[in-house]
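*Asks:* Residues per chain, in single letters:
2 protein chains.
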Amino acid sequence: MNIVLLSGGSGKRLWPLSNDIRSKQFIKIFKKEETNNTTADEVYESMVQRVYQQIKRADREAVVTVATSENQVSDLVNQLGDSVGISVEPCRRDTFPAIVLASAYLTDVLKVSPEEAVVVCPVDPYVEDDYFVALKDLAKQVDKGEANLVLMGIEPTYPSEKYGYIIPDTANHTARVKTFREKPTADVASAYIKEGALWNGGVFACKLKYVLERAHELIDFADYQDLYAKYDTLTSISFDYAVVEHEENIQVQRFAGSWKDLGTWNTLTEAMKDNVIGKGVMNSSCENVHILNEMDVPVLAMGLHDVVISASPEGILVSDKEESAHIKPFVDKFDQEIMFAEKSWGRYKVMDVETGSLTIKVTLKPGHSMSYHSHKLRDEVWVVICGEGRTIVDGYEQTVKAGDVITINAGCRHTVVAVSELKIVEVQLGKAINVADKETYQLDC
Amino acid sequence: MNIVLLSGGSGKRLWPLSNDIRSKQFIKIFKKEETNNTTADEVYESMVQRVYQQIKRADREAVVTVATSENQVSDLVNQLGDSVGISVEPCRRDTFPAIVLASAYLTDVLKVSPEEAVVVCPVDPYVEDDYFVALKDLAKQVDKGEANLVLMGIEPTYPSEKYGYIIPDTANHTARVKTFREKPTADVASAYIKEGALWNGGVFACKLKYVLERAHELIDFADYQDLYAKYDTLTSISFDYAVVEHEENIQVQRFAGSWKDLGTWNTLTEAMKDNVIGKGVMNSSCENVHILNEMDVPVLAMGLHDVVISASPEGILVSDKEESAHIKPFVDKFDQEIMFAEKSWGRYKVMDVETGSLTIKVTLKPGHSMSYHSHKLRDEVWVVICGEGRTIVDGYEQTVKAGDVITINAGCRHTVVAVSELKIVEVQLGKAINVADKETYQLDC
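Chains as they are written, first to last, in the working numbering: chain A, 1 to 445; chain B, 1 to 445.
Pairs of lysine to aspartate or glutamate, EDC-like flavour, derived with a Cα cap of 20 angstroms:
#1 A/Lys-365 / B/Glu-354
#2 A/Lys-365 / A/Glu-42
#3 A/Lys-349 / B/Asp-296
#4 B/Lys-31 / B/Asp-129
#5 A/Lys-431 / B/Glu-421
#6 B/Lys-401 / A/Glu-354
#7 A/Lys-279 / B/Glu-354
#8 B/Lys-349 / A/Asp-352
#9 A/Lys-401 / B/Glu-426
#10 A/Lys-333 / B/Asp-296
#11 B/Lys-279 / A/Asp-335
#12 A/Lys-279 / B/Asp-335
#13 B/Lys-401 / A/Asp-352
#14 A/Lys-401 / B/Glu-354
Simulated DEER-style distance windows between Cβ atoms:
#15 A/Val-405 / B/Lys-431: 17 to 23 angstroms
#16 A/Cys-412 / B/Asn-409: 22 to 28 angstroms
#17 A/Asn-71 / B/Asp-274: 36 to 42 angstroms
#18 A/Asn-71 / B/Asp-20: 38 to 44 angstroms
#19 A/Asn-71 / B/Ser-83: 54 to 60 angstroms
#20 B/Asp-296 / A/Lys-328: 21 to 27 angstroms
Just so you know, the hints here were simulated from the structure itself, not pulled from any lab data. Where a beta carbon is used, it is the ideal one built from N, C-alpha and C, also for glycine.
Put together the whole structure using the sequences plus the hints.
*Replies:* Here's what the structure looks like:
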């Protein structure tokens, strides 16, 4: 099975654990199926890790490609390793360009035959393994050639106002699609469901060549490289508007398994097996309380009901679970710097912000390094607090260990390579400290 | 009026804002009466600051002495300045030795006549100005010489189980004390109140010589210096057990004004004028919610009722207000380092804890300095991030400013003097980092 996972933008509905650079699909909150391990990193996995494992259980040979933007590449490699394909969108242009780019990546870079089926689905459904078996069935249905597109229709469990609806022509497992309906009111949704309507979960399968043919009708491009180069000139348009609405020959396959959209704290905590992740204690009178704490200090909860508490270096949320769906406008008002990030090379955390200085803690994985770079407007002082490594400053290489101090003046080219896990307190000093103030260079040595 | 304020121990009932070294009386949560200022430090004052201002309004000439332990001296000087007298208990020995030491301090150090009255009261009542007028009246009653001790009896507002009761012989404003009752059950308390009983708020007045005479009967000492020197040999005993229980000639004066004991988050938040102190936002469906946030990142509260949220570098409390009285056993289990402190010279905050290193941020007020000291088991690296000062390292003096790095090896004597407000990131490095690893020296230069 060829599967393209659409990995969406950042979103703030799971603030403070998601932020402008960490999307919800990378938060590690799902307890792994089997584990004898003890650290949080070993016990918990993220949505994207969970989905990837599920796909591999359903189909060991699956070719998995994630369609996403540049700023998620670090997180993806960090969490999934090198075995996953990544179709990097140079900028955001909605689902049609993203799916076309990923399809071109499959045929032109991975050399998959255009005759093969591809399944496209969001990266963040919370589902069981049967869902991925159903995805394989979609691909098999495509192979039969009865329709140009085969959608997954999820059997509704309530008249939701959050989803679009698919109206099939029969109640059979596989049926022709009669029509689509936009997100309705609850009353209208009830009526649809009586007619036999299914939820549209944004999942479909088709032959690769089908996507590429539609693409060439709408976009003038030669191949993957060409499309990538002109990606920023493309019009933002969804796959539904560009393709599905104009297609007469569509089938739908019913899916009756468990399917959840974990977009808010309320739905997310329902999927958590442990009530506390991180340092947290609650007394016996707490009911239906979840604590997700990424800070080093403890959270104590007493006498709360139906509340989620989430703490990270970005902030602290304490919300009634129902109301947690409405945090976005409040979070949008927080004018905040990014306070932490996980990268393919390790992680960093902002420790202190002052006028004229910023102090961060950088942790590099063994064998990893920073880019060789310089800053125009700031000096830096590094104090190594753990591990061993090699620094290169203006071409001069030296080994460093805990206790060593490296001063880097503005303009100086510098990098560090971790030999063992390396932790550095970095004090940035200057009048205009800015992440954009960075020039990178090739290392000659 | 001579007034001795008993400043008690740390206590964890207001965790995470109180900790082993910051007592509740130093937390700044009370809005100042009049202010056009904007920073939290300018808008809010602590219990001890509030009480001190109230005493000065009631009696500009009041001689105020705080009886407390060494570890509160920094906070006291920091918050009250040099105008308050401090009777430092070398170790904790309950209220009788503490009151005797403070009385000896008044007569021997401040040269107050033993014939003068002294009023003794806890440092942390939440009261209005009329309370301090009533304290003056206690002293005046002592001057009349009708009784050896004059107590304040607070008119009960409900049958509390938290307080001892005083039974007067009449309902007059000033009456003789018939007897005392220990903390009763609510039923028994109701019966006492029907008999005309008053709460014992731990406030009394007497002549200084009365305390000293009782003291010489029980303790063999010459004067203040002698008592101070042998303080650790004294028996722990309360003033009630040592003196009040054996005294026949006691009067009580009724006090009908507002009087609150702000010992728990529930009672404390009742006294707060603002619902949010620090960075915090709540949505319109929050009711009776208080946020006290000492962190640099925001707290967002949604849909909560009767909840207190309190966050500091020590941890995060989210509690139903009623249940907040019961946090102590949970907090006792947190095995935690002190993460922040305010001192007379400035403040410090722990930024990061690693095996083999501890990173702190030190802020020194202009003109202040650290002691000249050394550590046996750790090296230190200082990075100056703000301000100007002078460091002395093994006798070698240099001026420092933002961006300067000072490395201090184990054994090296060092200090820094702030010229302007000075902020330093201090990285401590060593296998056994410990606050006790500190030797201090006289500076020759």
